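Novice: Chain by chain, the residues run as shown.
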Amino acid sequence: MTAEEILQQIRARFGSEIRTSEVRRGEATLTIKADQNFEICRFIKEELGLEYLNCLSGVDWVGENEMEVAYAISSLRQPGKIILRARVPRDEPVLRSVVPLWGTANWHEREAFDLLGIRFENHPDLRRILLPEDWIGHPLRKDYQDERFVPYPWDDRKPGTVVRPTTA
Amino acid sequence: MTTVNLHLQQVKEQTAESMEEMWVNMGPQHPSTHGVLRLLIKLDGEVVRECIPYMGYMHRCHEKIGENRAYVQIIPYTDRLDYLASMYNNWAYCLACERLMGIQIPERAEYLRVLIGELQRIASHLIWLGTFGLDLGNFTLFMWCFREREMILDLFEAVSGQRLNYSFMRIGGLALDVPEGWLGDVKAFLQWFKPRLPEYDRLSTDNIIWQKRIQGVGILTPEDAVSYACSGPVLRGSGIRWDLRKNDPYGIYDRFEFDIPVGTSGDVWDRFWVRRQEMDQSVRIVEQALTEIPPGPVLAPVAKKLRAPVGDIYSRVESPRGELGDYIVADGSEKPYRYKVRAPTFVNLSALPVMLPGYLVADAVAVLGSVDIVLCEVDR
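Residue numbers (the numbering used here), protein chains in the order written: chain A, 1 to 168; chain B, 1001 to 1380.
Rather than coming from a laboratory, the hints here were simulated on the basis of the structure.
Owing to the predicted nature of the structure, the values given are computational and were not obtained by experimental measurement.
Each residue gets a CB set at the ideal place from its N, CA and C atoms; glycine is no exception.
Among the hints, a few may not be true.
Claimed, not checked - Chain B residues, not near chain A, derived (Cβ > 12 Å throughout):
id : residue
1  : Met1022
2  : Gly1035
3  : Asp1044
4  : Gly1137
5  : Ala1188
6  : Pro1261
To be verified - Covered, in the sense of this in silico footprint (three residues per stretch, anywhere, with C-beta under 8 Å from a C-beta of chain B), are these stretches of chain A:
id : segment
7  : 49-59
8  : 69-76
Unchecked claim - Example chain B residues on the side facing chain A (calculated, C-beta under 10 Å, incomplete):
id : residue
9  : Met1055
10 : Asp1224
11 : Val1226
12 : Cys1230
13 : Asn1247
14 : Gly1311
15 : Asp1312
16 : Phe1346
17 : Ala1351
Could you build all of it, start to finish, from the sequences and the hints given here?
Specialist: Here it is as structure tokens:
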């Protein structure tokens, strides 16, 4: 299935849920509203036949006050690939868990919870995975502060475009 | 029914009625965890009922460090992920950046990357075979494998000056060309190494103790392997013919002839046998690369300060342990906005709680060993 066909089928089914979609380097990429993430993932897995969840990563878009979960999904039987990005508000970052679809999502979602504070509904065991249980805060958030953390001294980004981590 | 199975059956029947279940810690400091991993195991007599892994003892937030470094500066940090296959970590990261920035690398660099990558795969599988033999009490195999691995480390030391954390690849190619006569050294190494493979077989494959110890243990079904997104020898051991070098070729892998060994039943034996045969295939690839390698530059002309265009990419390679992916989100500046490593062992390890239950606690070491974990990569 080519990237265009994948996008067409998802558009036909979930047209109103899609924010942006494009084909880049032969891969379908898609940004959706978060409340339908589970249904779209199930559609991709069961009806489009992309059954392999490569990677799940959280991204903190602090400038837009949003959190993002990016699913990289592909298949072991066909060449199709898709990157699905679901956006949630930053002050209430809650999505439905995709563990019922993919066992591998369990640890990836725990990691996103641990490092970015994104919560996943219906997750069987949402605990910290890499950091100690009593750790405070979520280090991969862009506004995470820790006195031991010293960012690299130079930064030539234009002010206002991206907020980078600050020291305490 | 063999003696072992009969014994297992007896243990199962006996424990079901008469013994209480008990939680036991394996690790964090345990020789067979190859690092610092804690497994909380629920035992029913001798049989494992449940397994909960705890990791993060070596967590250093690699991804946070990456977000605060320029693209080129991240390369040395990638060495420390999977320190047994540093060259492959360099390659995965550089390839992701090259795809993101649209950089073409010179032909000679492509060949050298394949050549070095496959030598690295042999070295990594050798250390796996050796330590796996050690886990099972086969000390001679450990010594023999480390002897040949040492030779590969010497070859890598000659090109990069380092024995473990090479930082040899660059975005756009390689840091340096290989020294004069180095390709001849690789040829000499292969000549020495090829007759050694049957010697390992004598100690492992043809060894009846070895066979009895790992056959029929730690079975991972193909359905579970896909659901848990296992990759590399763990996935192929379960009988799924999937190798990114063939199925989604990167670099110039589409120019080489090699086979993908697969297992049949998904037990520890299959995972061992796949890795063992992959060494043969890597030798084949290195030999082809040696004959075809062209002269020329090894580094594309790239800017000193690299900037990636706005966008994101998920790029993956077949590292010795499986699919090593980098998810990079770029915001147009000199540093990645988000940099996530999809570590193959982190994902493969997540299938361990499915593999262990139902087998004897003595087999836990063999099953864990067969996943081939590197804790620095799991914890990141």
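Novice: Would you mind marking each hint as holding or not holding in the structure?
Specialist: So, going through the hints one by one against the coordinates:
1. No Cβ of chain A comes within 12 Å of the Cβ of Met1022 (chain B); the nearest lies about 21 Å off, and the non-interface call holds.
2. Residue placement check: Gly1035 (chain B) keeps its beta carbon more than 12 Å from all beta carbons of chain A (closest about 14 Å).
3. Once the 12 Å rule is applied to beta carbons, Asp1044 (chain B) is consistent with being away from chain A; the minimum gap is 21 Å.
4. Interface exclusion of Gly1137 (chain B) from chain A stands, the closest Cβ pair being 31 Å apart, more than 12 Å.
5. Every C-beta of chain A lies more than 12 Å from that of Ala1188 (chain B), the closest at about 39 Å, which supports listing it as non-interface.
6. Once the 12 Å rule is applied to beta carbons, Pro1261 (chain B) is consistent with being away from chain A; the minimum gap is 16 Å.
7. Requiring three or more residues with a Cβ within less than 8 Å of a Cβ of chain B, the coverage given for the segment 49-59 of chain A holds, as 7 such residues are present.
8. Counting residues of the segment 69-76 of chain A whose CB lies closer than 8 Å to any CB of chain B gives 3, which reaches the minimum of 3, so the coverage claim holds.
9. With 10 Å as the threshold, the beta carbon of Met1055 (chain B) comes within range of chain A, its nearest partner Cβ sitting at about 7 Å, so the hint holds.
10. Checking Asp1224 (chain B) against chain A: minimum C-beta separation of about 7 Å stays under 10 Å; hint holds.
11. Among the interface hints, the one on Val1226 (chain B) holds; its C-beta lies about 6 Å from the nearest C-beta in chain A, closer than the 10 Å criterion.
12. Evaluation of the Cys1230 (chain B) hint against chain A yields a held restraint, the C-beta minimum of about 8 Å falling below 10 Å.
13. This hint holds: Asn1247 (chain B) has a C-beta 8 Å from the nearest C-beta of chain A, less than the 10 Å allowed.
14. At its closest, the beta carbon of Gly1311 (chain B) sits 7 Å from a beta carbon of chain A; the interface hint therefore holds under the 10 Å criterion.
15. For the restraint placing Asp1312 (chain B) at the interface with chain A, the shortest Cβ-Cβ distance is roughly 7 Å, inside the 10 Å limit, so the hint holds.
16. At a threshold of 10 Å, the smallest CB-CB gap from Phe1346 (chain B) to chain A is about 7 Å, leaving the interface hint in force.
17. Contact between Ala1351 (chain B) and chain A, as hinted, is supported at the beta carbon level, the nearest pair being about 7 Å apart and thus within 10 Å.
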